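Protein chains: 2
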Amino acid sequence: MTIKAANEECLARIQDGTAVWVDIRTARDVLPDLADRTVFHAGPPVTWKNMCGPMRGAIIGASMFEGWAKTADEAVAIAEQGQLKFHSGHDHHAIGPMSGIITPSMQVNVVRNDRFGIDTHSTLYMGIGKVLRHGAYDETVMQKLRWMNYELAPLLRRAVQQAGGIDIKSIVAQAVQMGDEMHNRNKASNVLLLTALAPHLVATGERSDVVRALQFIDQAGHFVLNLVMAGCKGILDAANGIPDATIVTAIARNGCETGIRVSGTGDRWFTAPAPMIEGVYFPGFGPADANPDLGDSSITETIGLGSMAMAGAPAVVEYVGGTPEFAVDTTMKMYEITAAEHKTFKLPSLRFRGTPLGIDIRKVVKTGITPVINTGIACKRAGVGQIGAGLTAVPMQCFERALEAFAAARTSTPV
Amino acid sequence: MTIKAANEECLARIQDGTAVWVDIRTARDVLPDLADRTVFHAGPPVTWKNMCGPMRGAIIGASMFEGWAKTADEAVAIAEQGQLKFHSGHDHHAIGPMSGIITPSMQVNVVRNDRFGIDTHSTLYMGIGKVLRHGAYDETVMQKLRWMNYELAPLLRRAVQQAGGIDIKSIVAQAVQMGDEMHNRNKASNVLLLTALAPHLVATGERSDVVRALQFIDQAGHFVLNLVMAGCKGILDAANGIPDATIVTAIARNGCETGIRVSGTGDRWFTAPAPMIEGVYFPGFGPADANPDLGDSSITETIGLGSMAMAGAPAVVEYVGGTPEFAVDTTMKMYEITAAEHKTFKLPSLRFRGTPLGIDIRKVVKTGITPVINTGIACKRAGVGQIGAGLTAVPMQCFERALEAFAAARTSTPV
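Protein chains in written order, with our numbering: chain A, 8 to 422; chain B, 8 to 422.
Just so you know, the hints here were simulated from the structure itself, not pulled from any lab data. As the structure is a computational prediction, the values presented were derived from the model and not from experiment.
Take a look, some chain B residues computed to stay more than 10 Å from chain A by CB distance:
1) Thr9
2) Gln22
3) Ala79
4) Val83
5) Lys92
6) Gly136
7) Glu146
8) Asp174
9) Tyr288
10) Arg369
Taking lysine to aspartate or glutamate and the DMTMM-like style, the derived pairs with C-alpha atoms no more than 25 Å apart in a straight line are:
11) B:Lys151 / B:Asp36
12) A:Lys350 / B:Glu332
13) B:Lys176 / A:Asp225
14) A:Lys353 / B:Asp225
15) A:Lys350 / B:Glu325
16) B:Lys350 / A:Glu332
17) A:Lys151 / A:Asp36
18) A:Lys176 / B:Asp225
19) A:Lys353 / B:Glu332
20) A:Lys176 / B:Glu325
Estimated spans, in silico, between C-beta atoms of each pair:
21) B:Glu325 / A:Glu87: 57 to 63 Å
22) B:Gly273 / A:Val287: 46 to 52 Å
23) A:Gly375 / B:Asp336: 34 to 40 Å
24) A:Gln150 / B:Arg122: 39 to 45 Å
25) B:Phe292 / A:Glu407: 55 to 61 Å
26) A:Gly228 / B:Asp121: 25 to 31 Å
27) B:Ala416 / A:Gly228: 51 to 57 Å
28) B:Asp23 / A:Glu325: 20 to 26 Å
29) A:Lys11 / B:Phe333: 36 to 42 Å
30) B:Asp23 / A:Thr33: 52 to 58 Å
31) B:Asp23 / A:Gly293: 36 to 42 Å
32) A:Thr33 / B:Ser215: 28 to 34 Å
33) A:Gly375 / B:Asp23: 49 to 55 Å
34) B:Glu158 / A:Ala295: 57 to 63 Å
All C-beta atoms in this analysis are idealised placements derived from N, C-alpha and C, irrespective of residue type, glycine included.
Pulled out of the complex, with its shape left as it was, chain A reads as follows (with noise of 0.2 Å):
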C-alpha cells in the first residue's frame, strides 16, 4: 500500500470510530492479563527502579488498597523484591491519567468503540489534588478510593446500564463548541455527561446514594476525562497496525519516558526522556517540586483534542498558561503537522473547522514542531498529589526514532 494510502484508512478509522460508556466492571473480570499482584501504569513500560516517585505512591496506594500491604514500607518492599509485575495499561486495553494505575479489584469504565469492536478500560475519575493518580496514598484518599469502588461504581454502573450506554463522542463534539479543550478543561463535558446520567442515577439509585453521587462527579470537575480518554484509545487502537501508516496512534507519559506509537509500526514504543512542564503551579510549589511529563491523558492530543482543540477553549489558558491567542496559534501550528481536520470535533472560533487530526511523524521531522500537550504537574515526590498546570511538548526522538523505524521495516519504497 501506498503511505498516502495507508495513512486514508487509518484516518478513516479514526474519523468513524464511536465511543459509547456502556459499563463499569471490576478491572480482573474484564481484563485477563491483570492477575494478582499485577499493575497497569501510564505510559511506556518500566520498571519499579526507573519509576518516578507518584507512579511509585500510587502503587504504593493501590497494593494497600488490594491488601498485598498494610504500610507503605511494606507495600516498598514487595515491588522491590519483584513480587509485583508491571505493565503498560496500553498493551492491554486500559488507560488512566497521571500515574495510570489499576489493579485487579478497582472498578473500571467499559468504553465501547462498537464500529470496530473493542472495548477499552479506565479507573474512575477521582477529582483533583491530593489523589491516588497522583501518587497520594494517605487514609483520606484510600476511604474515597473505597467509597468509589464499592459505593459509587454499582450506583454508576446500574444508571450507564439503564441509559443503554452513554455516548462519549457526542459529549465531546458538544463541549469542543462550548469552551472545553477535553484535556484541561471538561467544563461543559462534565455537565453534559451529569445531565445524560442524571436522570437514570435517579431512576435506579436510593436517594442519598444519587445525591452524593451527583455531587460528587460536579464537583470532581473533570469526572468525564476518563471516560474520554477510554474512547480516544479505542478508536486509536482501531486505526493501529495498518502498515505504510505514518500515523501516530498514542502518545503516553510514563514519568520517566515519553512513548509514542505509529500506525504502521504496530504496538512497538517509540521513547525519549520525559520533559518538564512549563506551567501554572499551585501556591506554596514550584519548579522544583515537578515530576517531568506524566500519564496517557495525551492520548487525547493524539485523537485532535487536548492542545489541538485549544483554539476553541481560551478559558483553558487561566489553568495552564498562556494567552487566548497563544491557543488559537497553537491550534493553527498543529494543523502544520497533521493529516487531516475531524469532522465531528468543530471549532467554532475557526469558522468551525475541524480540530487537527492525525499527526503524522513525516510532517514532525520535517517541520521540527512537535505536538503541544496541555496537562496537569504531578509533584515529584510520592504522596502529595497535583501542584499545577501547564504545556509541555513531545520530545522530537520519539518522532526521528519512529521514523527511523518505519523506513528500515519499508525497505521497497522511499518515505
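Got chain A sorted already, so can you dock chain B onto it with the hints?
Relative to the frame of chain A, chain B by itself:
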C-alpha cells in the same frame, strides 16, 4: 448631578446587582396588581385592538387556563368586550419572553437582586415550538401548561428552597465563557442550572417526578432563559430612575411596538413600530408568516448579553444566521454605543474583555448604531408558535425620542 456622575452611579448599580432564584410562587400571591381578569404582557403597554396575533393567542390560552373562557371564541369575546385588563409586566416587577403573558394562577419564578432588595417574576419556560408564549393554545399546549403549573412547579419550588437559592448571575458568568450569549444560545447555562438543581430535586422529590423534571429541563433547552430575564430586569430596575443618567434600563417589544426605558427618565417608554427580523426559518415557514419583533427577552441585550456577548458565542450563528466573524463584529460594534464593560461577564475570545454594558442613548444617536437583538421569530397568526430565529435592531426613533425627552427634562445643562 452631571451626566457622567449619574451614569457612573447607574453602571455601578448594574455591575453590583445580584440575581438569585429564590422561589416559585403563584403569581397572584406575589404580584398584587395582578387581580382577577388581569393580564401582564411583554413590551410597552398595548391595547387588545393593537395586539399582534401571537400575543392574542397567548391571551386566549391564558383565559382558558384561568377558566375565564371555555373556548377561543369566548376568550376573544371577553377581550373585545373589555372584560380583561392589560398591563405591561415591566411596570409590575414581571417579565416574560415573546408575548410574556402572565395571569394570576400561573406559577412564577422569583429572582432576587438582594443587593438592592428587588424581586422580579417570570413564568416557567415551556420549551420551543408550539408553546403559549408564541400564541399556541391547543390541547397539547394547555396540558403541558397544567403539568408545569401544578406538578413541575411545586417540585422545583421545594428544590430551589432546599438549595437555599440558586445563583443565576454566577451561572451566566460561567456560561458566557462556554459559548452562551444567553438570549438564543443557553446550552451551557441550562446544563449548569440543571447541575445545580439536580441534587436538591432528588433530595426533595418523588423518583418518577424527578426523572421527568430533569428530562424536561434538559430537553426544553432554554429553561434557564426566563430566570436570566428576571435576573436582568431585577438588576436593571435597581439602576432605573437616576436623574441625569443616559443609560438604557429596558428594551422590550410587544409585537406592535418596540420600547426603551432610560434611567434618567424613569418608567417612561420611548417607542417605535416593532421591526421585522432577518433570520433563519423552520421548514415550511418564511418571512410572510413572521410577526414583528416581540418579547421582553431583549432585557438580555440591555444588560450586555445576547447580541452584546455574541463574540463569545460563535455557535449561535447556526441558529440566528450569520458567520462567526459577524458574531465578533457585532460585539465590537456594540462597544461603540455602550459606556462600560461588564466586570463579571467576560469574553474569552476577546481576551476576557467584559461584555459591552450600558447602552448610552447619546452614543446611539451620535453613531447611528442601534443595539442588535438576537431573537426568535413568532408566527403572526395566533396558535402556530415559533417559526424561526434571527437578528433585528432596536429602531433609532426610540433613542431619538428618549434623547429629546431627556434633554427637555434637563433644562439647566446641555446634553
